[in-house]
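> If you're matching them up, the sequences are chains W and R in order.
Position one of the first sequence corresponds to residue 730 (this note's numbering), numbered consecutively onward.
Position one of the second sequence corresponds to residue -11 (this note's numbering), numbered consecutively onward.
Honestly, the hints are just simulated from the structure, not real lab data.
Wrong hints could be hidden among the right ones.
[To be verified] In silico negatives: residues of chain W with every beta carbon more than 10 Å from chain R: (1) Leu748; (2) Glu749; (3) Tyr756; (4) Gln771; (5) Leu773; (6) Ile830; (7) Lys834; (8) His839; (9) Leu841.
[To be verified] Residues from chain R shown here face chain W by an in silico Cβ test under 8 Å; the list is partial: (10) Ala(-10); (11) Ser31; (12) Gly41; (13) Gln93; (14) Gly98; (15) Thr102; (16) Thr104.
[Claimed, not checked] Subject to a maximum C-alpha distance of 25 Å in a straight line, what follows is the list of computed BS3-like cross-link-like pairs (lysine-lysine): (17) R:Lys2 / R:Lys29; (18) R:Lys43 / R:Lys29; (19) W:Lys829 / W:Lys778; (20) R:Lys54 / R:Lys29; (21) R:Lys54 / R:Lys8; (22) R:Lys2 / W:Lys834; (23) R:Lys54 / W:Lys778; (24) R:Lys8 / W:Lys797; (25) R:Lys2 / W:Lys829; (26) W:Lys790 / R:Lys29; (27) W:Lys834 / R:Lys43; (28) W:Lys778 / R:Lys8; (29) W:Lys829 / W:Lys797; (30) W:Lys778 / W:Lys790; (31) W:Lys834 / W:Lys790; (32) W:Lys797 / W:Lys834; (33) R:Lys43 / R:Lys8; (34) W:Lys797 / R:Lys29; (35) R:Lys43 / R:Lys54; (36) R:Lys2 / R:Lys52; (37) R:Lys52 / R:Lys8; (38) R:Lys54 / R:Lys2; (39) W:Lys778 / W:Lys797; (40) W:Lys834 / W:Lys778.
Treat the numbers as computed from the prediction; the structure is a model and nothing was measured.
We treat Cβ as the ideally placed atom computed from N, Cα and C, and that holds for glycine.
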Amino acid sequence: AQSVTQPDIHITVSEGASLELRCNYSYGATPYLFWYVQSPGQGLQLLLKYFSGDTLVQGIKGFEAEFKRSQSSFNLRKPSVHWSDAAEYFCAVEGNRDDKIIFGKGTRLHILP
Amino acid sequence: GAVVSQHPSWVICKSGTSVKIECRSLDFQATTMFWYRQFPKQSLMLMATSNEGSKATYEQGVEKDKFLINHASLTLSTLTVTSAHPEDSSFYICSALGQGMNYEQYFGPGTRLTVT
């Protein structure tokens, strides 16, 4: 069965520092991969997605993610975080081409001033 | 971008009553809508998939008689929690997928349900 693992429940970084959020998936073939952000009391917003092609994907708000097939990973990165980036981040997978998205447990990002 | 709304944004109901949550795609036709449940500080769990004009497909462990889903039009899906109990209190989120939208689901802002 497909699954998504986000090993870090909480991450704290200082404003202006770089960020990497980890995501590993378990699926036989290459799934569709997504990163979503959820701010308190708000819905999910898609940051970026990977379907095929270039393994380095650029998203909104300065985020990027790199698909590494050998490591079954799709880590999210940002070179310099802003206080407004504090939120919950979810990695997600769609693997069966049935439109069903499986979410990881999420990583809560805290920003130190 | 595509917009999905949910109504109400929050609702409090008494145990034993039923409550209906609406999910609307505002500027596109949603051939498929999904309903998720999110417990505090946890991830989203897919409850069911609904296609316009057909019966919803429920995930394993989700009671279809308790969580009634209707997708009567291409812009509206409803989730009715019947005979609600305190353990049904949760954050319910819908998403919508339209034709040609390249697997991108658009999520509603969610509905906070509290059963007292």
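> Next step is simple, just say for each hint if it's right about the structure.
Each hint, compared with the structure:
{"no.": "1", "hint": "Leu748", "in the structure": "20 Å, holds"}
{"no.": "2", "hint": "Glu749", "in the structure": "20 Å, holds"}
{"no.": "3", "hint": "Tyr756", "in the structure": "15 Å, holds"}
{"no.": "4", "hint": "Gln771", "in the structure": "6 Å, violated"}
{"no.": "5", "hint": "Leu773", "in the structure": "4 Å, violated"}
{"no.": "6", "hint": "Ile830", "in the structure": "6 Å, violated"}
{"no.": "7", "hint": "Lys834", "in the structure": "5 Å, violated"}
{"no.": "8", "hint": "His839", "in the structure": "14 Å, holds"}
{"no.": "9", "hint": "Leu841", "in the structure": "20 Å, holds"}
{"no.": "10", "hint": "Ala(-10)", "in the structure": "10 Å, violated"}
{"no.": "11", "hint": "Ser31", "in the structure": "5 Å, holds"}
{"no.": "12", "hint": "Gly41", "in the structure": "17 Å, violated"}
{"no.": "13", "hint": "Gln93", "in the structure": "6 Å, holds"}
{"no.": "14", "hint": "Gly98", "in the structure": "6 Å, holds"}
{"no.": "15", "hint": "Thr102", "in the structure": "14 Å, violated"}
{"no.": "16", "hint": "Thr104", "in the structure": "21 Å, violated"}
{"no.": "17", "hint": "R:Lys2 / R:Lys29", "in the structure": "24 Å, holds"}
{"no.": "18", "hint": "R:Lys43 / R:Lys29", "in the structure": "31 Å, violated"}
{"no.": "19", "hint": "W:Lys829 / W:Lys778", "in the structure": "15 Å, holds"}
{"no.": "20", "hint": "R:Lys54 / R:Lys29", "in the structure": "24 Å, holds"}
{"no.": "21", "hint": "R:Lys54 / R:Lys8", "in the structure": "12 Å, holds"}
{"no.": "22", "hint": "R:Lys2 / W:Lys834", "in the structure": "30 Å, violated"}
{"no.": "23", "hint": "R:Lys54 / W:Lys778", "in the structure": "34 Å, violated"}
{"no.": "24", "hint": "R:Lys8 / W:Lys797", "in the structure": "43 Å, violated"}
{"no.": "25", "hint": "R:Lys2 / W:Lys829", "in the structure": "32 Å, violated"}
{"no.": "26", "hint": "W:Lys790 / R:Lys29", "in the structure": "24 Å, holds"}
{"no.": "27", "hint": "W:Lys834 / R:Lys43", "in the structure": "29 Å, violated"}
{"no.": "28", "hint": "W:Lys778 / R:Lys8", "in the structure": "32 Å, violated"}
{"no.": "29", "hint": "W:Lys829 / W:Lys797", "in the structure": "22 Å, holds"}
{"no.": "30", "hint": "W:Lys778 / W:Lys790", "in the structure": "14 Å, holds"}
{"no.": "31", "hint": "W:Lys834 / W:Lys790", "in the structure": "22 Å, holds"}
{"no.": "32", "hint": "W:Lys797 / W:Lys834", "in the structure": "20 Å, holds"}
{"no.": "33", "hint": "R:Lys43 / R:Lys8", "in the structure": "17 Å, holds"}
{"no.": "34", "hint": "W:Lys797 / R:Lys29", "in the structure": "28 Å, violated"}
{"no.": "35", "hint": "R:Lys43 / R:Lys54", "in the structure": "15 Å, holds"}
{"no.": "36", "hint": "R:Lys2 / R:Lys52", "in the structure": "21 Å, holds"}
{"no.": "37", "hint": "R:Lys52 / R:Lys8", "in the structure": "14 Å, holds"}
{"no.": "38", "hint": "R:Lys54 / R:Lys2", "in the structure": "15 Å, holds"}
{"no.": "39", "hint": "W:Lys778 / W:Lys797", "in the structure": "14 Å, holds"}
{"no.": "40", "hint": "W:Lys834 / W:Lys778", "in the structure": "18 Å, holds"}
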